[in-house]
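Required output: the full structure, derived from the provided sequences and hints.
Quick note, the sequences are listed as chains F and X, same order.
When you line the first sequence up against the working numbering, it's residues 1 to 112, in that order.
When you line the second sequence up against the working numbering, it's residues 113 to 226, in that order.
It is possible that part of the hints are untrue.
Some chain F residues well away from chain X (every beta-carbon gap over 12 Å; in silico) [said to hold, decoys possible]:
| no. | residue |
| --- | --- |
| 1 | VAL11 |
| 2 | THR17 |
| 3 | GLY62 |
| 4 | SER73 |
| 5 | THR77 |
| 6 | SER80 |
| 7 | MET83 |
| 8 | ASP85 |
| 9 | GLU88 |
| 10 | GLY97 |
| 11 | LYS104 |
| 12 | VAL110 |
Quick list of in silico lysine to any residue cross-link-like pairs, SDA-like style, CA-CA up to 25 Å [stated by the list, open to error]:
| no. | chain 1 | residue 1 | chain 2 | residue 2 |
| --- | --- | --- | --- | --- |
| 13 | F | LYS104 | X | LEU224 |
| 14 | F | LYS42 | X | ARG222 |
| 15 | F | LYS42 | X | LEU125 |
| 16 | F | LYS58 | F | SER80 |
| 17 | F | LYS42 | X | LEU223 |
| 18 | F | LYS49 | X | ASN113 |
| 19 | F | LYS49 | X | TYR216 |
| 20 | F | LYS49 | X | GLY208 |
| 21 | X | LYS156 | F | LEU7 |
| 22 | F | LYS58 | X | GLN212 |
| 23 | F | LYS58 | F | VAL13 |
| 24 | F | LYS104 | X | SER196 |
| 25 | X | LYS169 | F | SER28 |
| 26 | X | LYS126 | X | LEU226 |
| 27 | F | LYS68 | F | LYS42 |
| 28 | X | LYS156 | F | TYR29 |
| 29 | F | LYS69 | F | LEU20 |
| 30 | X | LYS156 | F | LEU46 |
| 31 | F | LYS104 | X | LYS121 |
| 32 | F | LYS49 | X | SER196 |
| 33 | F | LYS49 | F | SER80 |
| 34 | X | LYS126 | F | ASN41 |
| 35 | F | LYS42 | X | VAL225 |
| 36 | F | LYS49 | X | GLY170 |
| 37 | F | LYS49 | X | LYS156 |
| 38 | F | LYS104 | X | GLN212 |
| 39 | X | LYS156 | F | TYR50 |
| 40 | F | LYS58 | F | LYS104 |
Don't read these hints as lab results, they were simulated from the structure.
All values reported here derive from a predicted model rather than from experimental measurement.
For every residue, glycine included, the Cβ atom is placed at its ideal position computed from N, Cα and C.
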Amino acid sequence: AQSVTQLDSHVSVSEGTPVLLRCNYSSSYSPSLFWYVQHPNKGLQLLLKYTSAATLVKGINGFEAEFKKSETSFHLTKPSAHMSDAAEYFCVVSEPGTALIFGKGTTLSVSS
Amino acid sequence: NAGVTQTPKFRILKIGQSMTLQCTQDMNHNYMYWYRQDPGMGLKLIYYSVGAGITDKGEVPNGYNVSRSTTEDFPLRLELAAPSQTSVYFCASSYGHGSQETQYFGPGTRLLVL
Chain F
1 AQSVTQLDSH VSVSEGTPVL LRCNYSSSYS PSLFWYVQHP NKGLQLLLKY TSAATLVKGI
61 NGFEAEFKKS ETSFHLTKPS AHMSDAAEYF CVVSEPGTAL IFGKGTTLSV SS
Chain X
113 NAGVTQTPKF RILKIGQSMT LQCTQDMNHN YMYWYRQDPG MGLKLIYYSV GAGITDKGEV
173 PNGYNVSRST TEDFPLRLEL AAPSQTSVYF CASSYGHGSQ ETQYFGPGTR LLVL
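Dropping the structure here:
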């Protein structure tokens, strides 16, 4: 059965410093993996997705993630945090014929 | 394109009351979904639809009903509201249903049952 674990429930960074949000997954097949962002009182917005093409995936707003099959990880990174990046981030795994499985989310706080 | 829209944004219900959460998409997507999001948790699938007239249960369907009479609309019905249904409800849509499909989400409906 597929599952996804976000290793940190809360990450705090200073503006201008790197961001790392960690995600491990479990899947019996070649999964698709997504990162969604949710700003306060807003719906979820797709940041990026991995669909078995390039293992390094670039998304919107300077975010990127690397699919590492050997480590079953799909960590989200950004070189320099901005105040507007403060939000909830969800790692999501999907297998053929199944529903999306969401992680519990990581809250990113950015201080000036 | 408005994308996925949901109404109302917020509602307070008394135990036992009923209500319908509205969801509309203007992207001509075949697939639509209802999720609930509880504090500190990821989203859980309630119901989904693969097209007009076709719906199916997700992971947590108890206490809810859906219908899909048109491509655009996918309302979620709560018949007898219970405190356990206090949550944020998100509607989503996608063009296809494959594992690689991107789902597009509405802004959510916050429901409080007292």
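Could you tell me which of the numbered hints above are not met by this structure, giving the numbers in increasing order? The structure breaks hints 9, 10, 11, 27 and 32; every other hint is satisfied.
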